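On the provided structure of chain W, position chain X as indicated by the hints.
Number of protein chains: 2
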Amino acid sequence: MNIENLLSDRIKSTPPSFVRGILKAASDPSVISFAGGLPNPISFPQEEMLESMERIVKTYGSTVFQYSITAGLPELRQYIADRYNKKFGLNLGVDNIIITTGSQQALDLIAQVLLNKDDGVIVEKPTYLAAIQAFSLTQPTFYTVELTEEGLNLEQLEEALQHHPKFIYTIPNFQNPTGLTYSVENRKQVCEIMKKYDTILVEDDPYGELRFDDQQFPYIGMGKLPGSIVLGSFSKTVTPGMRIGFIISENTELLRYISTAKEAVDLHTNIFSQYLIWDYLTHNDFDAHIAKIKKLYKAQAQAMVEAMKKYFPDTVKYTIPEGGMFLWVTLPEGISAMSLFPKALEKHIAFVPGDPFFIDAKDSNTMRLNYTNADPETIEDGIRRLGELLKNM
Amino acid sequence: MNIENLLSDRIKSTPPSFVRGILKAASDPSVISFAGGLPNPISFPQEEMLESMERIVKTYGSTVFQYSITAGLPELRQYIADRYNKKFGLNLGVDNIIITTGSQQALDLIAQVLLNKDDGVIVEKPTYLAAIQAFSLTQPTFYTVELTEEGLNLEQLEEALQHHPKFIYTIPNFQNPTGLTYSVENRKQVCEIMKKYDTILVEDDPYGELRFDDQQFPYIGMGKLPGSIVLGSFSKTVTPGMRIGFIISENTELLRYISTAKEAVDLHTNIFSQYLIWDYLTHNDFDAHIAKIKKLYKAQAQAMVEAMKKYFPDTVKYTIPEGGMFLWVTLPEGISAMSLFPKALEKHIAFVPGDPFFIDAKDSNTMRLNYTNADPETIEDGIRRLGELLKNM
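Those protein sequences? They're chains W and X, same order as listed.
Just so you know, we're using this note's numbering here: the first sequence kicks off at 4 and counts up by one.
Just so you know, we're using this note's numbering here: the second sequence kicks off at 4 and counts up by one.
The hints are simulated quantities; they were obtained by calculation from the structure and are not laboratory data.
Some hints could be false.
As the list makes no split between identical chains, a pair holds if one copy fits it or if it spans any two.
[Claimed, not checked] Mimicking DMTMM-like on lysine to aspartate or glutamate, the simulated pairs with C-alpha atoms at most 25 angstroms apart in a straight line are: (1) 27 / 78; (2) 227 / 7; (3) 27 / 98; (4) 120 / 7; (5) 15 / 122; (6) 298 / 309; (7) 89 / 317; (8) 15 / 121; (9) 61 / 31; (10) 313 / 152; (11) 198 / 7.
The structure presented is a predicted model; accordingly, all values stated were derived computationally and were not measured.
In isolation and in its complexed conformation, chain W is listed as follows (with noise of 0.2 angstroms):
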């Protein structure tokens, strides 16, 4: 039996993750790794989980075991609601959000809920690479519009718009990989050129929270377009492996849609899990937690950022992020971050080099670095260890 032959095309031109692959070579505890996105585990709250497990399966016995409803948990949907009705002055209820297993899942409904086969979906230059790969599934035409340190640029972006795509993704907040958060003058200009198309804004915001500063970004879209999407996760803030992630719109018919295609797909996301966050938000200090993380985050970026002033040559650029945690590195021009990763790894240090965040690049002069999975301390010597290899270079 010849597997080729039977393949779907939509799964040939879906590639394996690089990231999820190299995370194997990086995960070698003798490796110091700027690789992969992981929080950082000492910010998980164990002790208050556990206390919640406890409680919930003392409360709601069987029901937390249960099969349970396709949008997720009412009452954990209306916290999120509340949440960002606080924050954003908006008016969502319960019916404005559905919960998705990680925001992860929230890329593949939106994908397969709008995307015909060669259908445009635009993309910020460079994006999320398992972003590229959820979309991929559904087999679109890809455009890109070019990131500058004050957000999209605009006249790229009405380029793309008049291709009439289905949507576009943005990562508005301390985007991934590059670190970079659109100014809010851009989010402003950005909706008044959206206003003009019916393409929908996803807004996929997993590290909104962790501003190192107390300042507040609105939202382009919510509350000001009709078919607007924000994506919002408790990945980076209370625990990942949960995998609870969710979709905010005030648009209810796109999001039935979006709950018929979560029907097929999985029925429903785990739901003792849905309990567990909802227990844990509403009997602890959520926005004391996340301060902690902020604070732990913050230090971390300065570790990497200070580190790479001393021990960088002065031709490698970089992004100095506002929160979140990655930041972006640009090598000069002609050297390619891919084939510095295998003489890195000698090294023992791991990054992502530009190249899969890209539709199309190859031997891009750029990598992403995440600064949230290591103490100040190994921060530094991993980044003098890379400044020593790119001076040999």
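The following block gives chain X in isolation, referenced to the frame of chain W:
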């Protein structure tokens, strides 16, 4: 913004589930529901699960909360391999198993990996409605093969295979919706036929452990056909809320593609729940637990069959289940179970009319009854009320 204009063709051709729609109506506590497919909550090992939760948090700490690998927890996969090797004389290892977010996800992944639009897929007539839903997302051409008391209609099978379908989807044990089990002879015959074709055989087996007597039926394809897949689940034997299913195949090439698709759709299944189920299985007598569930369901199935003998008109036929969760009722020709449904709901009885289990039935004279989620007295009461309704038609 007109959402209809933005939808993909695939979502337009994927119906929302009738069953999940009526589950809401059936959740009224005054309704006796034979509609769902819910395990009896008294079978959930709540205390043991709570002990396991405490143990895994204490033993593995942050690992049970962190991101994890796509194929699933190796220890759980090894446990599954060992169990199937012992029961069925196979030679499976960790690499032959992928953990899925419930069995439902396995249906989606298999369809995504194998089916282009219009590609052929064979399903039983009737078949599991959520499988129709999952496969519909890829817009295939469905071919159907009738089920008899013996299993698949072999002539129709050969006929359907002439269309070079990518795979055939079967539920050989206590089929959903009919409750029928393929005979050992029919399994052999199906295997011999399948050997002649490059078509993958999927055996969905969520209920296989729940056989009322101690016979052991072999799989049709596992160990015999190169393109053989078996699907399993802990939803019916431990708890469904954790959403832990699995895919078994000796074809590791096929599994690699399935793993790439899984990576794209949800990165990995809830790792906490994988540790939890694994710890529960290895610290408790799983077979003794299953024996208890079987005894419980056997009594409930008998109560339903006895009540049907007593209260149903002779013109109504039904299957006698050897295990699992369902039986299948055939009304006299011309009586639509769909039109019976609202009348039954008025009498506070719910069931699933046959229509959604067929690719294109309308006003079928069949219905599915579930007996696992009510005690024998309630079952008798419900069947009595349904019998009165049937006699008055």
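Intra- versus inter-copy proximity for residue 121 and residue 15 (alpha-carbon distance at most 25 angstroms): Answer is both; intra-copy 15 angstroms and inter-copy 17 angstroms each pass.
Intra/inter-copy verdict for residue 27 and residue 98 if alpha-carbon distance must be at most 25 angstroms: Intra 40 angstroms, inter 15 angstroms, cutoff 25 angstroms: inter-copy only.
Intra- versus inter-subunit Cα pairing at 25 angstroms for residue 298 with residue 309: within (16 angstroms within a copy, 66 angstroms between copies)
Copy assignment of residue 227 with residue 7, given that the CA separation must stay at most 25 angstroms: For residue 227 and residue 7, only the inter-copy Cα distance (20 angstroms) is at most 25 angstroms; the intra-copy one is 47 angstroms.
Homomeric proximity label, residue 198 with residue 7: Cα distance no greater than 25 angstroms: Result: close only across copies, 18 angstroms inter versus 44 angstroms intra.
Status of residue 78 relative to residue 27 across identical chains (alpha carbons, at most 25 angstroms): Between. Shortest inter-copy distance 17 angstroms satisfies the 25 angstroms Cα cut-off; intra-copy 37 angstroms does not.
Intra- versus inter-subunit Cα pairing at 25 angstroms for residue 313 with residue 152: within (23 angstroms within a copy, 77 angstroms between copies)
Intra- versus inter-subunit Cα pairing at 25 angstroms for residue 89 with residue 317: For residue 89 and residue 317, the Cα distance exceeds 25 angstroms both inside one copy (44 angstroms) and across copies (63 angstroms).
Status of residue 7 relative to residue 120 across identical chains (alpha carbons, at most 25 angstroms): Both ways: residue 120 and residue 7 sit 21 angstroms apart in one copy and 17 angstroms across, limit 25 angstroms.
Within, between, both or neither, where residue 61 and residue 31 count as close if Cα-Cα is 25 angstroms or less: So residue 61 and residue 31 pass the 25 angstroms test across copies only (23 angstroms; inside, 40 angstroms).
Within, between, both or neither: residue 15, residue 122 at alpha-carbon 25 angstroms: So residue 15 and residue 122 pass the 25 angstroms test inside a copy (18 angstroms) and across (16 angstroms) alike.
Consistency with the previously given hints fails for number 7 only.
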